[in-house]
Amino acid sequence: MVHSTKTWSLLRDCRTYLFDCDGVLWDSKGLLPGARDLIEYLFGTKRSVFLITNNSTKSTDQYADKCQKLGLPVTSTNIVCSANIAANYLSNHGIKGPVYVIGEAGIGLELDKLGITHHGIGPDNSPDGNILSDVKIESNTTCVLVGFDIHFNYRKLLKATSYICKGLPFFATNEDAQLPADDLVHPGTGSLVAAVKFASCKEPIVVGKPHQPVFDFLSQRHNIDASKTIMVGDRLDTDIAFGNRFGMHTACLMTGVTSIELLNKVMSTPDDAILRPTLVYDSARDLLNAVRSADQMN
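Numbering (my numbering), first residue to last: 1 to 298.
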């Protein structure tokens, strides 16, 4: 992209860089071009770096392990995942469980850290092949939390709907429509949340990007200054909308789900202002080159 004096100043003056993960720093094949060098450079110039992911399948510790294996110099203190945000949100609102969870082990690990009891994680199949047989509703359940769940089925939908229709609070980690993939289209958490929403006729409190709870978490835990923060992502309706909604600068990397056709449409449609990135780069490597150049102009 063509840089102006204002753009150079923006990149130089931002002291906190927030990164989405899939499609920005890595994909299914490994690290994306420039990702490791970019993170190392930002740390080397005394900037704060946080990885902000809506993926709820892993805990912060599991993400830290993944980053270490990929060679990214980050620890669990640099990672904010939707499972962690959800667990903290429930704890801050006095919910101690049991929580009915549609989700993977990452959510369970984060709930366990805070002493919140839960049930529902893992396969839920009928013992005799009858999908409605032996369906148990736990009377002491306090709320429903929906994240990504590879074992999602009608029994889980039935239970979640029954709990919510009894008046229990309904939470969701995120509403991403699709997961990054090479060939097949992988439905994301949003498709599961939509099923529960439609069946229960209730709207959830969503804790991940682009919603308020993740910004509150960052503000309270890490004291970020939105005016000196840039959100770097590949998805317009979560990453870029999140940054724009809360007064940050935004950068879209074209290594993930956003096509040039979608980007051009958003940039030319007045009603899509919330989805428009401040900056656009082909990859993490191009962003690194821009930040380096901006710093050299200081």
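FYI, nobody ran anything at the bench for these hints, they're computed from the structure. A portion of the hints provided could be inaccurate.
[Said to hold, decoys possible] Across the chosen pairs, the derived CB separations fall in these ranges: (1) Cys165 / Pro270: 19 to 27 Å; (2) Pro33 / Ala105: 29 to 37 Å; (3) Pro33 / Asn130: 50 to 58 Å; (4) Ser9 / Asp272: 22 to 30 Å; (5) His93 / Leu158: 38 to 46 Å; (6) Gly30 / Ser268: 47 to 55 Å; (7) Asn125 / Ser9: 53 to 61 Å; (8) Asn223 / Met254: 15 to 23 Å; (9) Gly129 / Asn289: 28 to 36 Å; (10) Asp112 / Asn264: 41 to 49 Å; (11) Gln178 / Thr7: 26 to 34 Å.
A quick note: this is a predicted structure, and the numbers were derived from the prediction, not measured. Glycine included, each C-beta is placed from N, C-alpha and C at the ideal position.
Hint numbers not upheld by this structure, sorted from lowest to highest: Structure breaks hints 1, 5, 6, 8 and 9.
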